[in-house]
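These are the residues of each chain, in order.
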Amino acid sequence: MTAQKESNTHQVIDMLDRLHETPGRDPGAAERGRTRFLAEARSMKKAVSLNPFRRLNSWIARYSIIRHRKERSLMFATISSFIIALAVVLGGSGITAYAAQDSLPNDWLYPVKLYLEDARYGLTDDPTAQIGLLTAFTNNRIDEAIGMTLQGESVPKGVVTRLQNNLQTMLQLAAGLDEDSVVPALQRIRQNLRTQEQLMSRLMQPEDLDPVLEQLRIMLQEQHRLTKLGVDEPLQFQQMFRHGETEPPGAPPEIVEPKGNQGDCTEPGDCVPVEDGTGPGPGPGGNPEPGGEEPGGGSEGQNGNQGEEKPSGSGGSGNGDEPGGKGGENGSGPGK
Amino acid sequence: MASEKQLIKRARKYNQQTLAEIYDRYSPGIFRYAVRLLNDSEQAENCVSETFSRFLTALQRGGGPKDHLQAYLYRIAHNWITDQYRRQPSLPLDAEFAIDPDPEVDPQSVSADVIIREQVRNALMELTPDQRRVVVLKFLEGWSNIEVAEAMGKPVGAVKSLQHRALAALRRFLFETNE
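For the record, the sequence lines run as chains A and B. Quick note: the first sequence uses the numbering used here, first residue 1, plus one each step. Quick note: the second sequence uses the numbering used here, first residue 1, plus one each step.
Since the hints were made in silico from the structure, they are not lab data. It should be emphasised that the depicted structure is a prediction, and the values quoted were computed from it without experimental measurement. One thing to keep in mind: the hints can contain errors.
Unchecked claim - Have a look at the derived ranges for each label pair, beta carbon to beta carbon: (1) A:Asp125 with B:Ala112: 46 to 56 Å; (2) B:Ser144 with A:Glu6: 18 to 28 Å; (3) A:Asp125 with B:Ser144: 21 to 31 Å; (4) A:Arg42 with B:Val156: 37 to 47 Å; (5) B:Ser161 with A:Glu233: 40 to 50 Å; (6) B:Ala112 with A:Arg32: 28 to 38 Å; (7) B:Asn145 with A:Gln239: 22 to 32 Å.
Every residue gets a Cβ at the ideal spot worked out from N, C-alpha and C, and that includes glycine.
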């Protein structure tokens with residue numbers, strides 16, 4: 001490290017020190033929070049029977065009632081069985097979904113994550129909501145690319161392809177909005193792109209150089225250019241898409257092949273049940289099944305289970321049962 | 001003072017005294033962590049509420065930490081903060097702007113300090129979430145590398161690597177972008 005860089009680093013640490021001082025905590029707010037927390041804990045405790053013996057033995061009484069019913073209702077039994085089976089399936093799938101939300105392309109749960117994204121996308125036909133979802137999915141792809149790079153792994157081709165599809169679809173959806181909505185939508189897309197570009201730029205140093213990350217960055221820049229066009233000339237932007245005059249943003253001429261089999265999920269059937277041949281990734285004509293949980297966001301991906309229940313999430317990381325960042329709901333971890 | 005393992009064990013039984021102890025012990029630190037990154041006391045309190053609520057939910061589902069409770073709670077908080085940042089990438093103006101100036105304090109020095117803090121906060125938000133977490137836990141919360149590694153669920157070597165990259169990124173952003 002050069003003397004100048006070393007000096008700057010010391011200055012950075014000195015500057016960080018300035019954030020040590022924080023505003024005092026409002027005692028009233030703190031007390032209210034404490035009261036809420038303890039009240040929530042009390043309500044959770046009440047959900048369990050106060051009498052442990054009653055809890056242990058009450059099933060016998062219930063079973064006896066059912067066994068000795070004079071009239072047996074076939075419908076009741078059928079419905080009960082269905083509800084129980086559904087609860088088991090949904091509960092189990094929910095745990096999987098929760099754990100998948102921060103998986104990386106080299107995690108075995110990654111296909112579940114992609115499937116759930118498609119499912120979420122398929123649940124809405126509102127273009128504005130779809131753009132919002134695609135923005136979140138774009139952030140996920142970039143997080144995955146960064147996470148893989150930090151782990152010393154190559155970014156799989158599937159991540160790039162999916163990102164490319166997302167970006168293209170976002171623009172198409174924006175172009176299809178009414179006149180009053182297209183500019184605000186594009187401005188939101190631009191804002192998010194700017195944030196993501198800045199994040200990636202921080203990694204694009206010689207020691208971090210990765211050809212695929214560079215391709216992703218070019219893709220984002222191209223998307224940025226197109227959204228700027230849309231904001232400045234919305235009518236021209238809309239006409240471009242109506243006449244199919246655009247190319248997918250930042251289409252890389254060559255994509256680096258991933259190391260080994262990392263489940264790139266680009267081909268139908270790789271990791272997502274193909275409904276209509278459009279393959280993975282939400283896009284026009286995608287037909288995912290409904291259901292699933294919100295993916296998490298948050299920190300870069302982590303791998304492995306370190307032997308404890310660990311928070312992950314959106315905002316999250318890892319594939320334990322960490323509380324979700326973006327509201328992962330099911331599973332053994334918390335999260336809202 | 002009870003160990004974290006003992007606290008967790010008692011917390012699983014929803015022992016009110018234990019849960020109160022957990023809240024009293026860790027919520028101030030979570031609040032400071034959140035307010036440093038969010039620059040908003042109200043949001044920081046929301047972060048604290050959400051963090052402890054998710055902790056309870058984890059316990060209810062039979063999950064939650066087996067040890068390293070503090071690290072677990074900080075991870076929850078960090079996840080929540082990262083999501084907030086994604087939803088609102090523009091940080092609110094520094095709270096000090098809203099405070100009536102003290103006539104005995106040189107306004108120029110206060111302004112410079114406020115500006116620098118804002119720059120540093122903005123620079124922190126340019127980092128990746130993991131880099132940001134390492135920097136805040138190490139340099140602002142004063143945690144050791146081992147504690148940070150436990151909080152992040154990463155090896156110590158990875159934490160050091162993240163720290164190195166984070167400081168390099170901050171250096172570039174704070175010094176090279178102003179040139």
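A quick look at each hint next to the structure:
{"no.": "1", "hint": "A:Asp125 with B:Ala112: 46 to 56 Å", "verdict": "52 Å, holds"}
{"no.": "2", "hint": "B:Ser144 with A:Glu6: 18 to 28 Å", "verdict": "23 Å, holds"}
{"no.": "3", "hint": "A:Asp125 with B:Ser144: 21 to 31 Å", "verdict": "51 Å, violated"}
{"no.": "4", "hint": "A:Arg42 with B:Val156: 37 to 47 Å", "verdict": "40 Å, holds"}
{"no.": "5", "hint": "B:Ser161 with A:Glu233: 40 to 50 Å", "verdict": "45 Å, holds"}
{"no.": "6", "hint": "B:Ala112 with A:Arg32: 28 to 38 Å", "verdict": "36 Å, holds"}
{"no.": "7", "hint": "B:Asn145 with A:Gln239: 22 to 32 Å", "verdict": "56 Å, violated"}
Hints 3, 7 from the earlier list are contradicted by this structure; the remaining hints agree with it.
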